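Q: Which chain is which? The protein sequence lines are A and B, in order.
Residue 103 in numbering that gives the first Met the number 0 sits at position 104 of the first sequence, with consecutive numbering throughout.
Residue 71 in numbering that gives the first Met the number 0 sits at position 72 of the second sequence, with consecutive numbering throughout.
What the hints contain is simulated information worked out from the structure, not anything from laboratory work.
On a predicted model such as this, the values are computed, not experimentally measured, just so you know.
Everything hinted at is true.
With the C-beta cut set under 8 Å, the calculated list includes, among others, these residues of chain A facing chain B:
hint, residue
1, Lys-6
2, Ile-13
3, Val-14
4, Tyr-21
5, Leu-23
6, His-28
7, Arg-113
8, Asn-184
9, Ser-185
10, Ala-186
11, Asp-187
12, Asp-188
Backbone N, C-alpha and C define an ideal beta-carbon position, used for all residues, glycine too.
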Amino acid sequence: MRAVHTKVLKVALIVALLSGLYLLAVARHAERDALRKAAVELTPACKEKLQAYALGPGERYRSPYLLRTAGRSSTLRGYSEDDVRAIQRGCNIVDDLQGHLAKSGSRERWYANRFVRGAQTTCNHCHQGVGDKQDAAGNRQVGSNSLGASWVMADMYDRFTGMLLPLEWRQMQCFINSSNGFKPNSADDLIRDITAYSRFLSAALALKIGNHYPEQGIDEIPASATLKRGDDYIRGAHLYRQKCASCHGLQGLGTVAQGRVLYPALAGPESFSLDSRMNFARVNTVMAGFICRNMPLGAEGSLENQDCRDIAYYLGTLPRPAGDRQGPLVAAWERIMMAVMPPLTRYAESIGHVPPPTPTQYAESLGHNDRPPHAPD
Amino acid sequence: METNAVDSAHVRILAALRANLPVGLTLAVVTLPQAIAFSTTLAGLPPHFGIYAAIWGVLFTALLNPSRVFSGGPNTTMSAAIGVTLLPIAPPFGADYIGYALTLILLAGLIQLLFVVIRPLGRMLDLINEPIINGLICGIGLFLIFKSFTSFAGLPINTEVEWPLWIAWQSFLAVLEFGNLYAIQIGLITLITTLVMRQIASVRNWAILLGVVAGTAYSQYLNATVGLQNTMIEQIANLSSTGFVFPSLPVFSQEAMSDIISILPGAVTLALLGLFQTVAAMRRMNRKIGDYTDSRKGIFADAVSNCLLPFLSSLPTCASFNRMWLVYSLGGNSRITSAISALILLAMVLFLAGPIAIIPMPAMAAIIMVVGANMINWEDIKPHLKDRREAVVFTASFLSVLFLDLFGAVVVGSVLAIAYSKWEQAHPSISVRGNVLKVRGNIYYGSLPVIESTYHGLIEREGSVVLDFSECYYIDQEGIRWLAAAKAAQKVAFADRRRDLDRRALERRATAEENRGSGKRRGQRRNKPDRRHRSEF
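When you get a sec, could you build the whole thing from the sequences and use the hints?
A: Right, dumping it as structure tokens:
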């Protein structure tokens, strides 16, 4: 009799626990549904961008961008209310992944901050111009990681694993490899909304599926695209001080003012990881390509290929978080380095009297001119 | 008289069949989704690789391995090792990739054969002790539950390897927040049915099958009322194209040689992963049923099977903790169980592809969760927590599964266990009476400093020492040199009372000791364990 009682109790407990979990799941689903139906409050950059592209619910969609650039316009199928909200949310996530600008914080961003480490990371740091970088004249910036152009290349073979990656998985790679984070499930609204936004951009910019556009991805700079003198991180450090440090800080720790990230960290705990393909020590063409096409802001394209590689090399030597695959020892070591190096460097600089050599002095000390006479401009 | 014997044999076979049928059926049903999932999501190979491993791999090992609770077949970590090794070499699911996979498995099988041929190598695998194995088992059990979250809720599986605990937590949140509610309902119905049925003694062995049936029935009901296009429930693939056998040849062409050399380390890992699990699981489960099987036989069975399987388009085989646990908990206690499960699976694939195809994946995920939960058994853990050393080894190997991986857990656990046993040996019991120093234990490089410190203290106090090592059972070369040096310094006299004993008495004692203490080792050397001595326990 007692045994039967225990068994009944056991079963009741199990059933109660599982039904409790089910009810919790139903409640959380309802919460998400409400969020999907709620009106979206756009960030300032998104408001501007989506207004310029005339996003709104309707039967038909005509791109103002195409009208302006080509003088003609084609009519596409329009967007439903749900679509518009998804696109708006996607834009918000790209612009402000952490939810610093949202009323209810990361909840409005589908808790995207769960999947990145640090409190600064956002997509906009690399996918500049909210994933659609243009110059003053409205020309799309070459090699600017455009999300619209990325969508039309939807499925790509991964260069390192050879796997065929759909856009959703490429976004996951962004989270793991570029933003020093973890991978969201590919069915997450987070991924869906970013996909919706990318897809809308491709429609607004009249990009055609399967085509390669110059603004897609990064124009990588291999050593063969330079004069092949070898990369030089001392020269890179000097260039970094001249060109980058005013925004990113001398230690590359980024600039934060009043809780807003003005310029992202390039090193230290808030930056991308050792495993990131942005890390020169891991892939030595990507960061250089990014710098040459997208930096410094407002003077893009002003740096030589070798300059970009040198700066990227220097950045690759700074301490940053370890990637997931590198294990606890490397992680601990990097943690120590991230804590110790900035004050140490500051101290060393405060007692040093010798200013670092200019690039020309340095090149002369190596026994050759910075720019050989036969070099093309 | 003769017909009687035949009749009783018939009766016995029938009885064995009747006892093992539900267990075999359950095993087959549990293995099927694992086989498909392991080959497609982990190894990057078509689903028939896993299925053939679950049929031919299980049959081969059941045939070759005399252990009564052994169950082979596809394995998580081995499948993952294949994926990790080959992804940099060729795109998965392609012809090249499959060829290299077959080569990799064959290489692993050949390396495993080395462990049969070179005896000390095989003996090394016995250094994994029980706390390590139980730590592994608990870790794997938890891991299986975590891994099932996504398919339980009809979500895509996270394929890339990351920190598993984090992924588990994120998957759990994903289930709560945006999992497919229909899938969750199916999964919960399966789970609750199974758990309730397990409480009823008469249907206990059928609990998992009944759970699958309930889940499938509910899924069919949903299909009829809501429609599959709306519920979007994933079902087991239609396997009707999978045949009886699918012969294949590993790649060994000239131009592939450089790649084959580059996958050699992967082959070693694969071989070791398989053998570790086989030896550990066999020992653990054999002890549970109070049986003993030489681990060499398990290694031999695995090695031969893995040399044959690549010719049949199959994943490699090794012991499966979770399925052996299932067989044990359902009361299966004969090789017939595994063989039956393989044959049932073959029949299912050949003749029942249609009905199998409608089994929903959430139901299968729920079953894997039950299997995982079964593996965490408090009664097995409790004894390890009583002893501090065992508790440390157990906890280390348990946490290593969660924080590192299976291989890391084995390494961490073994290092700790060996360190502890060496520590024990490095502290011989030393007693001093007058100027007689008696050492019980080993005199070797590790214990010498301990002995030396007492010895020199005694010399300073007494001037001369009698060193009694009549109860030492091992002196290594360093120890002998030290003894010789001490003797040469002429401050020490040796007492070894064994010399004074009657030779015949000594011999008698040695035989008795051998029978008691090292019967196991003797048994191995003779190939046939001496049953008379074993029965003394």
